[in-house]
Amino acid sequence: ETGVTQTPRHLVMGMTNKKSLKCEQHLGHNAMYWYKQSAKKPLELMFVYNFKEQTENNSVPSRFSPECPNSSHLFLHLHTLQPEDSALYLCASSQGLAGTSYEQYFGPGTRLTVT
Amino acid sequence: AQSVSQHNHHVILSEAASLELGCNYSYGGTVNLFWYVQYPGQHLQLLLKYFSGDPLVKGIKGFEAEFIKSKFSFNLRKPSVQWSDTAEYFCAPLALTGGGNKLTFGTGTQLKVEL
Numbered sequence: 001e002t003g004v005t006q007t008p009r010h011l012v013m014g015m016t017n018k019k020s021l022k023c024e025q026h027l028g029h030n031a032m033y034w035y036k037q038s039a040k041k042p043l044e045l046m047f048v049y050n051f052k053e054q055t056e057n058n059s060v061p062s063r064f065s066p067e068c069p070n071s072s073h074l075f076l077h078l079h080t081l082q083p084e085d086s087a088l089y090l091c092a093s094s095q096g097l098a099g100t101s102y103e104q105y106f107g108p109g110t111r112l113t114v115t
Numbered sequence: 001a002q003s004v005s006q007h008n009h010h011v012i013l014s015e016a017a018s019l020e021l022g023c024n025y026s027y028g029g030t031v032n033l034f035w036y037v038q039y040p041g042q043h044l045q046l047l048l049k050y051f052s053g054d055p056l057v058k059g060i061k062g063f064e065a066e067f068i069k070s071k072f073s074f075n076l077r078k079p080s081v082q083w084s085d086t087a088e089y090f091c092a093p094l095a096l097t098g099g100g101n102k103l104t105f106g107t108g109t110q111l112k113v114e115l
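Residue numbers (this note's numbering), protein chains in the order written: chain R, 1 to 115; chain X, 1 to 115.
Note that these hints are calculated values from the structure, not bench results.
For clarity, every value in this text was computed on a predicted model and none was experimentally measured.
Positions of the beta carbon are idealized from the N, C-alpha and C atoms, including for glycine.
Treat each hint with caution, since some may be false.
[To be verified] Below are the DSBU-like pairs computed for lysine-lysine, each with C-alpha atoms no more than 30 Å apart in a straight line: (1) R:Lys41 x X:Lys49; (2) X:Lys71 x R:Lys41; (3) X:Lys78 x R:Lys41; (4) R:Lys22 x X:Lys71; (5) X:Lys112 x X:Lys71; (6) R:Lys22 x X:Lys78; (7) X:Lys71 x R:Lys40; (8) X:Lys49 x X:Lys112; (9) R:Lys19 x R:Lys52; (10) R:Lys41 x X:Lys112; (11) X:Lys49 x R:Lys40; (12) X:Lys102 x X:Lys71; (13) R:Lys40 x X:Lys102; (14) X:Lys61 x R:Lys36; (15) X:Lys102 x R:Lys22; (16) R:Lys40 x X:Lys78.
[Said to hold, decoys possible] Non-contacting residues of chain X with respect to chain R, defined by C-beta distances greater than 10 Å in every case (computed): (17) Val11; (18) Glu20; (19) Arg77.
Using the sequences and the hints given, assemble the complete structure.
Okay, structure coming up:
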């Protein structure tokens with residue numbers, strides 16, 4: 001069992017829709033991440049949160065809006081997406097952001113299709 | 001900026017064959033190194049990691065990797081693969097910088113083990 005859950009597992013949305021992805025970690029970690037995994041491309045880091053504060057935004061378009069209400073939950077709000085945003089969105093968590101605490105645990109991902 | 005290169009994108013082996021997957025990174029400073037694995041239909045999970053000390057590290061399921069600092073490499077090895085090792089493998093160096101640690105994933109190597 002992963003300790004990091006993501007819902008929904010699959011999502012199909014139109015370009016004018018608004019939807020949200022949810023991630024929850026049950027590991028007592030303090031840092032959480034959103035990644036985008038596209039076919040034949042490296043895993044792309046999107047956002048990093050540490051103790052609920054955003055510490056990194058990797059030049060992500062504003063149509064992706066993260067929210068971290070507490071250290072256990074992370075959301076990714078989606079609006080006016082483009083077909084090229086179709087991908088697997090992965091959530092991860094780690095104890096911290098330094099040294100041995102940086103080992104990341106991943107959720108199963110949300111497969112997003114934008115039509 | 002740091003980059004990571006996994007030279008083999010697709011590898012096909014017979015059971016009991018030996019495996020070596022290459023990983024090279026570009027960062028010249030202090031790094032921690034990870035290999036992650038993604039089995040079909042499952043989430044990304046940690047295979048092994050290097051932080052310091054003995055450059056030969058052992059992970060789960062008989063995998064090992066050797067950190068060669070002079071070659072900026074962290075190749076993954078297994079003496080005798082099994083059908084159940086069929087998966088995608090990702091190398092991920094973590095650059096320890098003064099401005100914040102950066103974890104970068106390679107494009108992955110798809111391993112198929114045939115009976």
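Do the hints match the structure? See the list:
With a CA separation close to 23 Å, the supplied pair R:Lys41 and X:Lys49 stays within the 30 Å bound. Only pairs whose Cα atoms come within 30 Å are accepted, and X:Lys71 paired with R:Lys41 is accepted, the gap being roughly 24 Å. The suggested pairing of X:Lys78 with R:Lys41 holds, with an alpha-carbon distance near 25 Å, which does not exceed 30 Å. A C-alpha spacing of about 41 Å is found between R:Lys22 and X:Lys71, which places the hinted pair above 30 Å, so the restraint is violated.
The hinted pair formed by X:Lys112 and X:Lys71 meets the criterion: a straight-line CA distance of about 27 Å does not exceed 30 Å. Note on R:Lys22 and X:Lys78: the hinted pairing is violated, with a Cα-Cα distance of about 37 Å set against a maximum of 30 Å. Only pairs whose Cα atoms come within 30 Å are accepted, and X:Lys71 paired with R:Lys40 is accepted, the gap being roughly 26 Å. As the CA atoms of X:Lys49 and X:Lys112 are separated by approximately 23 Å, the hinted pair is consistent with the 30 Å bound.
With a C-alpha separation of about 21 Å, the suggested pairing of R:Lys19 with R:Lys52 holds against the 30 Å cut-off. For the hint pairing R:Lys41 with X:Lys112, the CA-to-CA distance comes to about 19 Å; that is within 30 Å, so the pair holds. Taking the CA atoms of X:Lys49 and R:Lys40, the gap is about 24 Å. The hint holds against a cut of 30 Å. Under the criterion of a C-alpha separation no larger than 30 Å, the hint pairing X:Lys102 with X:Lys71 is consistent with the structure, at around 20 Å.
Taken as a hint, the R:Lys40 and X:Lys102 pair is honoured in the structure, with Cα atoms around 21 Å apart against an allowance of 30 Å. Taking the CA atoms of X:Lys61 and R:Lys36, the gap is about 28 Å. The hint holds against a cut of 30 Å. Distance hint between X:Lys102 and R:Lys22 is fulfilled; the C-alpha atoms sit about 24 Å from each other, no more than 30 Å. Restraint check: the Cα-Cα separation between R:Lys40 and X:Lys78 comes to about 25 Å, which is no more than 30 Å; the hinted pair holds.
The beta carbon of X:Val11 is kept farther than 10 Å from every beta carbon of chain R, the shortest such distance being approximately 16 Å. The claim that X:Glu20 lies off the interface holds: its Cβ sits roughly 21 Å from the closest Cβ of chain R, which is beyond the 10 Å cut-off. The non-interface label for X:Arg77 is consistent with chain R: the shortest C-beta to C-beta separation is roughly 21 Å, beyond 10 Å.
Checked against the numbered hints above, the structure breaks hints 4 and 6 and satisfies the rest.
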